[in-house]
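The listed protein sequences derive, respectively, from chains U and P. Sequential numbering from 1 applies to the first sequence in the working numbering. Sequential numbering from 254 applies to the second sequence in the working numbering.
Please note: incorrect hints may appear among the correct ones.
Stated by the list, open to error - Straight-line Cα separation of at most 30 Å, BS3-like style, residue types lysine-lysine; simulated pairs: (1) U:K33 / P:K288; (2) P:K329 / U:K24; (3) P:K314 / U:K202; (4) U:K21 / P:K329; (5) P:K314 / U:K33; (6) P:K266 / U:K248; (7) U:K161 / P:K323; (8) U:K198 / P:K266; (9) P:K329 / P:K314.
Stated by the list, open to error - Calculated from the model, a selection of chain P residues having no Cβ within reach of chain U, i.e. all distances over 10 Å: (10) P276; (11) D280; (12) F281; (13) R285; (14) Q291; (15) N293; (16) Q301; (17) K303; (18) L305; (19) E317.
Since the hints were derived computationally from the structure, they do not count as laboratory data. Here a beta-carbon is modelled for each residue, glycine too, at the ideal position from N, C-alpha and C.
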Amino acid sequence: MARVLVGVKRVIDYAVKIRVKPDKSGVVTDGVKHGLNPFDEIAVEEAVRLKEKKIASEVIAVSCGLPQAQESLRTALAMGADRAVHVEVPQAQYDSLLPLHVSKILAKVAVDEKVDIVVVGKQAIDDDSNQTAQMTAALLGWPQATFASEVTVSDGNVLVKREVDGGLETVRVKLPAVISADLRLNEPRYATLPNIMKAKKKPIKKLSAADVGVDLAPRQQVLSVEDPPTRQAGSIVPDVDTLITKLKEKGHL
Amino acid sequence: MVSGRQEVINLYKTLLYMGRDYPQGYDFFRSRLKKAFQRNSDISDPEQIKILVKRGEFVVKEIEALYMLKKYRTLKDRYSTEKNK
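So that you can see chain U by itself, here it is in the shape it has in the complex (with noise of 0.2 Å):
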C-alpha cells in the first residue's frame, strides 16, 4: 500500500479583502484571518480518500512555515490526515521563502517519509506561484501530474485527467509520482469540530530548516507590493453621435 504526502500551507482566509502595507513591503497579516489554502483541502481530501479506498496506508500533512501553519495542520488532521510534519521557518525567513525552497524541504521529507504519493494543491491562493508541484517533481526525478481532476491508482500506476485549457487531458504516471490538486478534483469535507478536537491526540513531528539540510537564502527580493490599479469612472454619452465622435477620438473607430 502505497504512503502518501500532502503538502499543505496556511494562507489568508479566502473571503478575506487583502491590504497592502502602507510602506509596500507586503500584505497586512496581522490579526487577519487565515485558514487552510483551499486547492490543499482538495489535496488533503485526495489523499484521505485513497486512504478510505484503502491504497494508502498513511497520509502524512506537511507544512513549511510559521509557527501558526500548526493550525493549518490540524485543520488537515481533523479531515483525516495521520500525522503530520511541522517544518518551522521564522518570520524573517517566511517572508523570503520561495516556492524552490519549499519544494527542497518537500522532496527531502517525501525521501525520509518513503512516501510513494506526494498531493499537493496546484497553487497557494497567496502568492499564485504554481511552481511548488512541479519543482518537488523535477527535484525526486519522479513524475508529475499536475491540475488533477480525476484520479485512479491501479498496481503502481496513477491514471490522471488533466485539466487543460479546452479540456481533460489523461496522463498515465508511475509511482512514486507527484500530484497537483486542480479545483475539480473533489468535494472538500467540513473538518469538524470533534474531529478538530480528536486532531490535537495525533502527532505533529516539528522540524528546523537546518534538520532537513535545506539553505533558506533569499534568491529574490521584493521590490514592491501594490493594490491593483482602480477603475476609473466612467461617462454616460447622451447620443449615439457623440459615442461615435468619442470613440474616434480616442482611436478606438
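Based on the hints, put chain P in the right spot on chain U.
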C-alpha cells in the same frame, strides 16, 4: 431529568463553532442561534426534542454545504477564464 440534554448541548456547540465562518459575521450568527434555541427552551417532550435535534443536524449539513459552495464559487470565479454569470 431532561432527556437529550447532551445532544442539544452538542448541537449548540457545533453550530456555535461553525458560526465563526458565517459570511455575515459571528455575532450575527450567534445571536440568532441563541434566539432559536431559547424559543424552544420550554419543550420537555422527549419525542419533540428528538425531532428538533434532527432538524438542527439538518441545519448543520446545510451550513456545511453553504460554506463549500461559497468557497467553490469564489475560487472558480477567481481562477477560471470561463464565465457563467
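So, going through the hints one by one against the coordinates:
1. As the CA atoms of K33 (chain U) and K288 (chain P) are separated by approximately 27 Å, the hinted pair is consistent with the 30 Å bound.
2. Distance check on the hinted pair: K329 (chain P) and K24 (chain U) sit about 28 Å apart at the alpha-carbon level, within 30 Å; holds.
3. For the given pair, K314 (chain P) sits about 26 Å from K202 (chain U) by alpha-carbon distance, which is consistent with the 30 Å threshold.
4. A distance of roughly 27 Å separates the Cα atoms of K21 (chain U) and K329 (chain P); the hinted pair therefore holds under the 30 Å criterion.
5. The suggested pairing of K314 (chain P) with K33 (chain U) holds, with an alpha-carbon distance near 23 Å, which does not exceed 30 Å.
6. With a C-alpha separation of about 64 Å, the suggested pair K266 (chain P) and K248 (chain U) falls outside the 30 Å cut-off, and the hint is violated.
7. Distance restraint check for K161 (chain U) and K323 (chain P): the Cα-Cα separation of roughly 25 Å lies within the 30 Å cut-off, and the hinted pair is therefore satisfied.
8. This hinted pair checks out: K198 (chain U) and K266 (chain P) have alpha carbons roughly 15 Å apart, not beyond 30 Å.
9. Taking the CA atoms of K329 (chain P) and K314 (chain P), the gap is about 22 Å. The hint holds against a cut of 30 Å.
10. With a cut of 10 Å on Cβ distances, P276 (chain P) falls inside the contact zone with chain U, its closest approach being about 7 Å.
11. For D280 (chain P), the non-interface assignment is confirmed: its Cβ lies about 15 Å from the closest Cβ of chain U, beyond the 10 Å cut-off.
12. Every C-beta of chain U lies more than 10 Å from that of F281 (chain P), the closest at about 15 Å, which supports listing it as non-interface.
13. With a minimum CB-CB distance of about 19 Å to chain U, R285 (chain P) clears the 10 Å threshold, and the non-interface call stands.
14. At the 10 Å boundary, the C-beta of Q291 (chain P) stays outside the reach of chain U, the nearest C-beta of that chain being 21 Å off.
15. With a cut of 10 Å on Cβ distances, N293 (chain P) stays outside the contact zone with chain U, its closest approach being about 22 Å.
16. With a least beta-carbon separation of about 25 Å from chain U, Q301 (chain P) lies farther than 10 Å from that chain, consistent with its non-interface assignment.
17. With a closest Cβ-Cβ approach of about 20 Å to chain U, K303 (chain P) is found to remain outside the 10 Å limit, as its non-interface label requires.
18. Residue-level check passed: L305 (chain P) sits 20 Å from the nearest beta carbon of chain U, beyond 10 Å.
19. With a least beta-carbon separation of about 4 Å from chain U, E317 (chain P) fails to lie farther than 10 Å from that chain, contradicting its non-interface assignment.
Checked against the numbered hints above, the structure breaks hints 6, 10 and 19 and satisfies the rest.
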